[in-house]
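Asker: Spelled out, the chains give:
Protein chains: 2
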Amino acid sequence: MSGPGTSEQEPSVQGDSPPGRRDEDAGEGTQSSHRMLGFSDALLSIIATVMILPVTHTEISPEQFDRSMQRLLATRIAVYLMTFLIVTGAWAAHTRLFQVVGKIDDTLALLNLACMMTITFLPYTFALMVTFPDVTLGIFLFCVCVITIGAVQALIVGYAFYFPHLLSPQIRCSAHRALCRRQVLRIILRGPVLCLLAAVFSLFFFPMSYLLMASVVFLPYVSKAASWCKDRLVGRTEPTAHRVEFFTLDLHEPLSKERVEAFSDGVYAIVATLLILDICADSIPDPKAVASDFGGSLLAALGARGPRFLAYFGSFATVGLLWFTHHSLFLHVRKATGAMGLLNALSLAFVGGLPLAYQQTSAFARQPRDELERVRLSCAIIFLASIFQVAIWTAALLREAETLRPAVRFGGPEHTFMLAKLALYPCTSLLAFAATCLLSRFSTFIFHLTQIAVPCGFLLLRLLLRLALAGLRGLQGLARPARPQRGPPGEAAASADVQSPLLPAPC
Amino acid sequence: MSGPGTSEQEPSVQGDSPPGRRDEDAGEGTQSSHRMLGFSDALLSIIATVMILPVTHTEISPEQFDRSMQRLLATRIAVYLMTFLIVTGAWAAHTRLFQVVGKIDDTLALLNLACMMTITFLPYTFALMVTFPDVTLGIFLFCVCVITIGAVQALIVGYAFYFPHLLSPQIRCSAHRALCRRQVLRIILRGPVLCLLAAVFSLFFFPMSYLLMASVVFLPYVSKAASWCKDRLVGRTEPTAHRVEFFTLDLHEPLSKERVEAFSDGVYAIVATLLILDICADSIPDPKAVASDFGGSLLAALGARGPRFLAYFGSFATVGLLWFTHHSLFLHVRKATGAMGLLNALSLAFVGGLPLAYQQTSAFARQPRDELERVRLSCAIIFLASIFQVAIWTAALLREAETLRPAVRFGGPEHTFMLAKLALYPCTSLLAFAATCLLSRFSTFIFHLTQIAVPCGFLLLRLLLRLALAGLRGLQGLARPARPQRGPPGEAAASADVQSPLLPAPC
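Those protein sequence lines, which keep their order, are chains F and W. Numbering-wise (the numbering used here), the first sequence opens with residue 506 and increments by one. Numbering-wise (the numbering used here), the second sequence opens with residue 506 and increments by one.
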């Protein structure tokens, strides 16, 4: 897709591909991988998020909301979260794989489709394993799925190294291509080999199987911690020159920022869609019911569903504004690290839980007794989704020279504004939660008020921030004893700035 | 997203945004619209496609498949197709709008979210109107939705013209900016004004309302035909210099190719997901049922669902390969015209019907009597989805100097291969359909054979094509009488090529 730089070259040719981008090198059959990767990101993000649907389809009636119901709901939420993180892990492996491959051809495109098909089977096999935890076949099928994914990825790597013009420039020009290939294959096949062992163990000793599968997740961090300890004890060894930099699963190694954005956009888009789907599915009144229950008045029939539409607008606004915050954040990110990617996945997992919050709050009219719990659940989900965005920001600040643009670094002109944008949802959801503790009778009102107030807050954020900062300066001026002016006003202003370095520049 | 051109500039910096792309101009607060447009494309494509779900959820049992059931199914399919085309129309209007706007800022991003929210309400209001065709409120709500969308878009246009640095370079540098704005607003508000009239008429005379709403779709083509007639009668008038080229809704005006690709990717991705969702939702056996019906054997329980998994793999392969064909086609497209966009929308509408085909073919084990009809329905859907891709190709060929890269134009080296790729699905689905007419008892076998044969066909396509062309040449050589060689072999070969200009160059 052409960025603003290329579109300025040919302003009179609307819709044309920029000439600098040669999609098809007819002589070699190679193509840009850009569109294929965007398609893969869309597919995987939707797969990960639609696994919330079994949770929302769990019919909860207040009379039956006993312990077994609570346990069922908690189990399904846990399965959703684990499935989301597993699919996100597969997506992350896919991004690392396609940092090795630079260009693609028809065969690689078809191999990628096979990879997608195997990854889409992960949620099903995982759900099967969870439903039948002590049946060999459940564990076996999940492990076979992981092994198949690894095999297809190894095939892709082998094909790319066999036709070196397909490799990324960094590896193609490397002098140690065979070593690179060995390292890449080792990391790709690590998970599948562990799952193969787990499948073998599932025939006679389940706990070992589960331990081996869990180690697929934790092994990279364990091995990194082990090498860190070794460095401390033995002394830092020189990193080998041919180490493939992005293929170490290190939390500090860069992720492809564009793919993180594309994956996140897919999650936000499908969540917004799931909200409207609930409306369309349930809220078209049946003509016979309208005739019998509402005397033929469609207006009355729709009015009875009023809370649903209110809940829809509020939930859509929430999803949209969380996307807007994510968008604002990543505008200022230069490079995404593995830690940021992990925190982003956790944030997206809770964004995926928003249809659950919508379903809860839209049931107000039917079950007014549960308002308090439903509002609290919604506040909790929104808080978790937004606080992990703040965590991404914090992780970026810890290495701000690498990861952030100068404008938003600590002390930069846009720093405070970005912090304000990110803090809006966590603060308001916490406030709403606290308010429901004090004024539990008005919990619905508080929730709807928050849902209306936050979009207005975003629109007026810059203005509100300036007012707040002006107020802060005024207070600081009052607190400080008045000093006589010794020099020209410019000097006084400069010295004032020196004295209050913590006050950011006005935005 | 960085294309291959920019990534070659900095091979050592993985994951970094290319320096040529300045997302944030901190002084003006302007941002690239790229990510926001990608998000909008994902959202709208998913919205359009999930409207197939009410159709797939129509429970059809063979005993009840009488006329009323057929009518219900046909109505729902028609509603799905119309909803898909309406949402695609709204998406097309959105693409035209953001060819006026070059860069965005925070306010425009928020306004775009409001635009998205109103567009997502279109399917619901349309379904309501169709369910209650003679109730004023139904028509009224749909028209209000369209008017609101128009109002938000007009607001976006007004805001962009108020801050000219946000406009696209073509318009910003134009000397007739006010005229441009008037023209853009006129086209944006045309549909909403017609719907306003329709809303007024809905109070006392329904047929006029429906006529006015239908005219929103046909008016651009009617007015284009009228101006064509006028040109023929009066004589061609010079196009005015300040005419905003892409804002005439002309079928030959360029669409943004990247946005067409993004929208299409969204549709393919959600369709693939809907397939796996059906599997996950229904195919996890209940532990109690496994214990009682299958004697505790999970393998037996899964085996009973075998046809579903077979149908899943076949359907996923179909969706994936249709995407692959679309991807191959658009690699060679330089510029997408309005006609290509319209045909693409029709192709995508039928791709969206594939979950219905899957649902039908996966029910084989339960209702073997209906196999024939189900196989035929699936063949028909696949044929329609793929034949419209051939139509896109044909529309492109009609203006090949503008729309296609040289390699695939008629007579180019890749022309025959592209045609073969595009023709594979239409031909095989037609063949399968014909085969079921002759061998109706083996319809299931034929269908599954086709589903396995086509992926293999794609993998071996180049080889098969070379064999076919070699066979053709051989036949041509046999048919032509032998001529004595008069000169050096090179001359003979050259004269042979001159004599057979229709044989394309070997691929």
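Since the hints were derived computationally from the structure, they do not count as laboratory data. No experiment lies behind these values; they were computed from the predicted model shown. One should not assume that every hint holds.
Intra- or inter-copy, both count: the list cannot distinguish identical chains.
The calculated lysine to any residue pairs, modelled on SDA-like cross-linking and capped at a C-alpha distance of 25 Å, are [as the list claims (entries may be wrong)]: (1) Lys608 with Leu877; (2) Lys793 with Cys678; (3) Lys840 with Ala896; (4) Lys729 with Gly843; (5) Lys608 with Ala731; (6) Lys608 with Ala912; (7) Lys840 with Leu738; (8) Lys608 with Gly976; (9) Lys729 with Phe938; (10) Lys608 with Arg967; (11) Lys840 with His539; (12) Lys608 with Arg839; (13) Lys608 with Val662.
Asker: Cα distance capped at 25 Å. Does lysine 608 pair with arginine 839 within a copy, between copies, both, or neither?
Answerer: For lysine 608 and arginine 839, both the intra-copy (23 Å) and inter-copy (19 Å) Cα distances are at most 25 Å.
Asker: If the cut is 25 Å between Cα atoms, do lysine 793 and cysteine 678 qualify within a copy, between copies, both or neither?
Answerer: This pair counts as neither: shortest intra-copy Cα distance 71 Å, inter-copy 59 Å.
Asker: With identical chains, the pair lysine 840 and histidine 539 could be close in the same copy or across copies; at 25 Å between alpha carbons, which is it: within, between, both, or neither?
Answerer: both (18 Å within a copy, 18 Å between copies)
Asker: Within a copy, between copies, both or neither: which one fits lysine 608 and leucine 877 at a CA-CA cutoff of 25 Å?
Answerer: Neither, since 54 Å and 43 Å both go past 25 Å.
Asker: State whether the alpha carbon distance between lysine 840 and leucine 738 is at most 25 Å within one copy, between copies, both, or neither.
Answerer: neither (31 Å within a copy, 61 Å between copies)
Asker: When Cα atoms must be at most 25 Å apart, do lysine 729 and phenylalanine 938 count as within-copy, between-copy, both, or neither?
Answerer: neither (39 Å within a copy, 58 Å between copies)
Asker: Which holds for lysine 608 with glycine 976 at a C-alpha limit of 25 Å: within a copy, between copies, both or neither?
Answerer: neither (55 Å within a copy, 33 Å between copies)
Asker: For lysine 608 and alanine 912, with the copy left unspecified, which applies at a CA distance of at most 25 Å: within, between, both, or neither?
Answerer: between (34 Å within a copy, 19 Å between copies)
Asker: From the Cα coordinates, with 25 Å as the cut-off, is the pair lysine 608 and alanine 731 best called within, between, both, or neither?
Answerer: Intra 36 Å, inter 48 Å, cutoff 25 Å: neither.
Asker: Regarding lysine 608 and valine 662, is the shortest C-alpha distance of 25 Å or less found within a copy, between copies, in both, or in neither?
Answerer: within (12 Å within a copy, 39 Å between copies)
Asker: How do lysine 840 and alanine 896 come out at 25 Å by Cα distance, when the copy is not named: within, between, both, or neither?
Answerer: Within one copy, since 16 Å is at most 25 Å while 42 Å is not.
Asker: If the cut is 25 Å between Cα atoms, do lysine 729 and glycine 843 qualify within a copy, between copies, both or neither?
Answerer: Result: close within a single copy only, 13 Å intra versus 54 Å inter.
When held up to the earlier numbered hints, the structure conflicts with 1, 2, 5, 7, 8, 9 and fits the remainder.
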